[in-house]
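Asker: Protein chains in written order, with the UniProt record's numbering: chain A, 1 to 420; chain B, 1 to 367.
A few of these clues could be false.
Simulated crosslink set (SDA-like; lysine to any residue; CA at most 25 angstroms straight-line) [what the hints assert, rightly or not]: (1) A:113 <-> B:191; (2) A:179 <-> B:189; (3) A:113 <-> B:195; (4) A:177 <-> B:166; (5) B:116 <-> A:263; (6) A:415 <-> B:195; (7) A:415 <-> B:197; (8) A:177 <-> B:336; (9) B:292 <-> A:413; (10) A:415 <-> B:194; (11) A:115 <-> B:189; (12) A:179 <-> B:339; (13) A:358 <-> A:83; (14) A:115 <-> B:339; (15) A:417 <-> B:336; (16) A:177 <-> B:197; (17) B:116 <-> A:265; (18) A:179 <-> B:195; (19) B:292 <-> A:177; (20) A:179 <-> B:191; (21) A:415 <-> B:83; (22) A:415 <-> B:116; (23) B:166 <-> A:232; (24) A:177 <-> B:195; (25) A:417 <-> B:116; (26) B:113 <-> A:264.
In short, the hints are calculated from the structure, not lab data. Remember, predicted model here, so these are calculated numbers, not experimental data.
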Amino acid sequence: MTRAPEGDAEPRPRLPAVVTGHRRHPQHSMKKMLAVFISRVLRRVAQKSARRVLVASRNSSNDATFEIEKCDLHLLEEGPPVTTVLTRAEGLKYYRMMLTVRRMELKADQLYKQKFIRGFCHLCDGQEACCVGLEAGINPSDHLITSYRAHGMCYTRGLSVRSILTELTGRRGGCAKGKGGSMHMYTKNFYGGNGIVGAQGPLGAGIALACKYKGNNEICLTLYGDGAANQGQIAEAFNMAALWKLPCVFICENNLYAMGTSAERAAASTDYYKRGNFIPGLKVDGMDVLCVREATKFAADYCRSGKGPILMELQTYRYHGHSMSDPGVSYRTRDEIQEVRSKRDPIMILQDRMVNSKLATVEELKEIGTEVKKEIDDAAQFAISDPEPRLEELGHHIYSSDSSFEVRGANPWIKFKSVS
Amino acid sequence: MAVVAAAAGWLLRLRAAGAEGHWRRFRGVGLARGFLHPSATVEDAAQRRQVAHFTFQPDPEPREYGQTQKMNLFQSVTSALDNSLAKDPTAVIFGEDVAFGGVFRCTVGLRDKYGKDRVFNTPLCEQGIVGFGIGIAVTGATAIAEIQFADYIFPAFDQIVNEAAKYRYRSGDLFNCGSLTIRSPWGCVGHGALYHSQSPEAFFAHCPGIKVVIPRSPFQAKGLLLSCIEDKNPCIFFEPKILYRAAAEQVPIEPYNIPLSQAEVIQEGSDVTLVAWGTQVHVIREVASMAKEKLGVSCEVIDLRTIIPWDVDTVCKSVIKTGRLLISHEAPLTGGFASEISSTVQMFNYAICCVELPLYGKPCSIL
């Protein structure tokens, strides 16, 4: 186990000053590091492939320890650890997952503009560390429910890129058979995908109740956004979860804007991690996948020990607007978006860490990039060529019934057969 | 008479079958084909681009209200709100994102003109918005709340049904929230799917104490909205979102009122009464002209305008004249408002004229 140099010697810059109001420290080492990388890459490219393999194995390590940001705490004595160990395997996995989510979202953007995807499409690029970090902190047998900005979670919870993109284009190969669309994708232990803001709060508390009832040591992660934090039913869910000590981790994905309304203009208190009131809370750097992972592990352990619910606020950012019909620049500046992209991008943070601590080489990561690109392109090709669901299925799955029955359609003479 | 009855039946069946060749395309015609003409391939239906299912038919320019200007639906709503805020110093507009102009641009410019005290955003909390609006209205101020999509009105359903609708009754007329108006975009738009397309008027029709109004055009919208705001009962004003840009006509600049609970006979006829509201009125008008052209059927077209309390007299008088009724609405068929209309008409008409003019076939609901 080698102790690698810090990923960045200077204090990590926070989210843009225009947003937080804090001063930020200019970071110059980024450019220097980039120059070093480029020269290294050029040197390596000149060598033969056999030697390159040798160089890679000699230069990479198996794991590294990193310092992560301390979480602000509410009603907690101790928080998650401030250092964490990242193994090479884990690092490569997280990198691949985050890159897949990023590329998948960008591909969805492209398909939407080409009108293969219609209706509503809410993209989560910029928030990859949240979905990957959360998944890294829980077991596959744990449960997760979130809002409509769900494509990343769909992937991390086990849906393939192909089934996600095909569902977006509304074809029969999609995970919801083409009938759900962007906001309604589901898989085992992943309950969507909810269009109505805040509606998933009480649902998540209910899933947590089922976990407690079944006694299987599972927990439920219930996500909502900074806008939904002001919905009444979220407060109701908090109360029920705390009253009955449900193993529910409430997670507020605070990307600073609810559609076009900034958090300060909508919330009396923007300390979302404190808004559980009697529920303990953590404020987590949502752009750092390791920070999210450690916080999630901490929160999951807390719930599993029977202490009741806990609240996590993930401070994150989305590059796209609220949805594809929102350019995303009428309520925030392009400079702000650019600043987050250049200084706080989650994939970049992980990449720098891994390369600096020799957990991986730039070429390896590039190769992963190429593989991911191919996967996404193949999935997109399938998504646009798959046929749409059969019209006979229009009336299916309305009710559960032993035998098929008839449902009236748009007029009394059109009847659909309903099977479920 | 029997021939006409058969013709009317054909009219209905042809409408359902969705037209062949030279007839105009309707949205969903591919769907109808798939079911009624199994030979048509599914792929055809899927790949054919569906055009808008109606053509907005503007009314002639109104002359009796002064100078007019061409406005679309959202501009006519802005104009009505502008008139209200100017006339009534206690009027306030609030809702999600209304300050910058609203997601459908219905409140553009109002905050700059009237100040942030009178046009302001609320957080994301429908139940809170309506409850808060009831509170404002109870003190006597005029509250104009916006629910961003009718699909989101359900968290506020309790406040509307249990609080707003019953305030006057339960306090023995000591208090009321009559100066509350709730505006909300309503109806299908083509790409809205589950949560941006709903038409929930039937849920509210079941609740005495509130009024539910749905305009078909910019001119109607401004007059009806001003009437809702001035009406001394809590009103819900549903604005067909597909008409926000698609519908444009000459609308008076000055305020004017269109009475509530009065249906409008848009077109007189003698063979069948067609009743609709909102966007569907334009579909029905097309149906009426197609029926005239192809079948020689004379249709009387009625725009209901106010869902509750609805204008029973106009509809029943029309059915007495024609003997047939067809109601068409966007909302689901079962328990939709058409069932209320059809059962009331049958009861009324049967009672009045069971000897002289029995109804041919059942009044039925389409779409």
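Asker: Determine for every hint whether it applies to the structure shown.
Answerer: Here is how each hint holds up against the structure:
no.: 1; hint: A:113 <-> B:191; result: holds, 15 angstroms
no.: 2; hint: A:179 <-> B:189; result: holds, 18 angstroms
no.: 3; hint: A:113 <-> B:195; result: holds, 22 angstroms
no.: 4; hint: A:177 <-> B:166; result: violated, 44 angstroms
no.: 5; hint: B:116 <-> A:263; result: holds, 18 angstroms
no.: 6; hint: A:415 <-> B:195; result: holds, 24 angstroms
no.: 7; hint: A:415 <-> B:197; result: holds, 22 angstroms
no.: 8; hint: A:177 <-> B:336; result: violated, 29 angstroms
no.: 9; hint: B:292 <-> A:413; result: holds, 22 angstroms
no.: 10; hint: A:415 <-> B:194; result: holds, 20 angstroms
no.: 11; hint: A:115 <-> B:189; result: holds, 16 angstroms
no.: 12; hint: A:179 <-> B:339; result: violated, 29 angstroms
no.: 13; hint: A:358 <-> A:83; result: holds, 18 angstroms
no.: 14; hint: A:115 <-> B:339; result: violated, 38 angstroms
no.: 15; hint: A:417 <-> B:336; result: holds, 21 angstroms
no.: 16; hint: A:177 <-> B:197; result: holds, 21 angstroms
no.: 17; hint: B:116 <-> A:265; result: holds, 13 angstroms
no.: 18; hint: A:179 <-> B:195; result: holds, 13 angstroms
no.: 19; hint: B:292 <-> A:177; result: violated, 43 angstroms
no.: 20; hint: A:179 <-> B:191; result: holds, 13 angstroms
no.: 21; hint: A:415 <-> B:83; result: violated, 48 angstroms
no.: 22; hint: A:415 <-> B:116; result: violated, 52 angstroms
no.: 23; hint: B:166 <-> A:232; result: holds, 22 angstroms
no.: 24; hint: A:177 <-> B:195; result: holds, 19 angstroms
no.: 25; hint: A:417 <-> B:116; result: violated, 54 angstroms
no.: 26; hint: B:113 <-> A:264; result: holds, 24 angstroms
Comparing the model with each earlier hint shows violations of hints 4, 8, 12, 14, 19, 21, 22 and 25; every other hint is respected.
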